[in-house]
Amino acid sequence: MSALAEQVVSNEFALKLDQQFPGTSLYTQQTVDKIPTIWIERSRLREIIRFVKTGGFEMLFDLCGVDERQREHRNGLPTADFTIVYHFLSFRDGTELRLKVGVSISDANVPSIHDIYPNANWYEREAWDMFGVTFTNHPSLYRILLPSTWEGHALRKDHPARATEMEPFHMDFERQDKEQEALRFKPEEWGMTRRDENTEFMFLNLGPNHPSVHGVFRIVLQLDGEVIVDAVPEIGYHHRGAEKMGERQTWHTYIPYTDRIDYLGGVMNNLPYVMSVEKMAGIEVPDRAKVIRIMMAELFRISSHLVFYGTFAQDVGQMSPVFYMFSDRERLLRIVEAITGGRMHPAWFRIGGVAQDLPVGWDVMVRDFLDWMPKRLKQYENMVMKNSILRQRTHGIGVYTKDEALDWGVTGPGLRATGMDFDWRRDKPYGGYDQFDFEVPVYQNGDSFDRARVRVDEITQSLRIVEQCLNNMPAGPYKATHPQTTPPPKERTMFDIETLIHHFLNVSWGPVIPAGECSVTIEATKGANMYYLTSDGGGSSYRTRIRTPSFPHLQQIPLISKGLLIPDLIAIIASIDFVMADVDR
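Residue numbering for the sequence shown is 1176 to 1760, as defined by the working numbering.
All clues stand as given, with none of them false.
Here are the simulated DMTMM-like pairs of lysine to aspartate or glutamate, each with C-alpha atoms no more than 25 angstroms apart in a straight line: (1) K1553 / E1614; (2) K1275 / D1193; (3) K1665 / D1532; (4) K1465 / D1546; (5) K1209 / D1602; (6) K1577 / D1405; (7) K1209 / E1243; (8) K1454 / E1243.
No lab work stands behind these hints: they were computed from the structure.
Based on the provided sequences and hints, a complete structural model is requested.
As structure tokens, then:
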């Protein structure tokens, strides 16, 4: 009998693993989020993960690393210097599974699983880049977010978290030559192959600065005339260490950093983070705060989709729509500003609720917008989605199937465009969404047009949700009274010194969150966004993992662009709907 039998086993899959792989050392870890979390042996990793995939977990949802060396509250976890965490998702019943493999610093390697789950390719490169864990038999294990000349692995605990902890930067001639040489483009190193030995490469740089790539993003194209033979994305130009910052900020002061991940998603970025902290702290959020959060999140979904709608039309040749849609977005952002005091980055959600109550007159502004927007959407439908040129440019372009989408980690509108009827708000409801009535737009073709069609229809559904918030806004507090709520209630601070001290410490140092692990996933503007937090019983996060939708979405570009023309690639990029801050973090 394995070590699993000695644990309190509460999940069926752990028992299946024990039966399928007798004699294997398995350890079930209890986590705050109740997701089955099992430590497995490195030697059995590939066969166990094959079993996981055939057992119904169609998607490798995330893969990340953890430096365990300074963790104090391990509570009997297996010994490890580094842990590689695999997070799986089954769309058949919405179940999740987390597997962990521990390695020592002297033998920091695990087998690659890119041939089992294709999207593991970039995730494994990221884990090697950040932690220095080698994935054996990986086809291209080189840095993905940091420059090739970077020294060290940034998410290791012994790597500085602030520039002030490092030596002043100095660029002498020798280093300048080294950096310039590192930038030299060598097609073979990018996986490109010549058609024959007498053929020269023909390649084109699209980006990293180009209006069609929607940010600092580079795609190196290998061409045969205008036909794309190969397309290799290069990311990392926007990387600024958001996960590393989570280890140095307090739980409370990290909230503004979340706004800058999907910078078009506003407070929606705050939601999975604060909900994960709330679960670990045992905070119950009041109903009024829940509905306010949902209303603001859906307003930002509309705002983000309007940016997508206008730029999508612009990328395939229409100039007028983007000006109209940005005008409507400005109308919406004025509502956001009136409620939160901010526009694109309000950082307005708090641990336990929101920053303040809704202002007088908020309902009038929201209702005016709800009356205005449906008529505009009808105009845009005729202007954009029924435009014959746009339809010709996007129908049948950038097609992928449902199975391919699952293999490559595609979520959100990009997955629903392939016929997969799954939305976290409805199928794994969080934050009060189970109390709302809305439809989930689903299309079947998996092409650039259907990806746009899903988002357009989602604007209408978000308007429905906002209207329900408006008509059914509960009374009551906008923030919990739990002592870990941040900032804590201030009413009694002038009455007794204990409350004043508690308030001062909570505001200046932040709350102390009990040791544990918790992840929360939401249906963000561009797909599934997850914050997987580890607390070591301190005032800041031990490990902050941000699983963003845009990261895997860009990885599939080579799959869906080969054999097409360069203008087709522009339509594909437009239809993916990404921002580079969401990719690079």
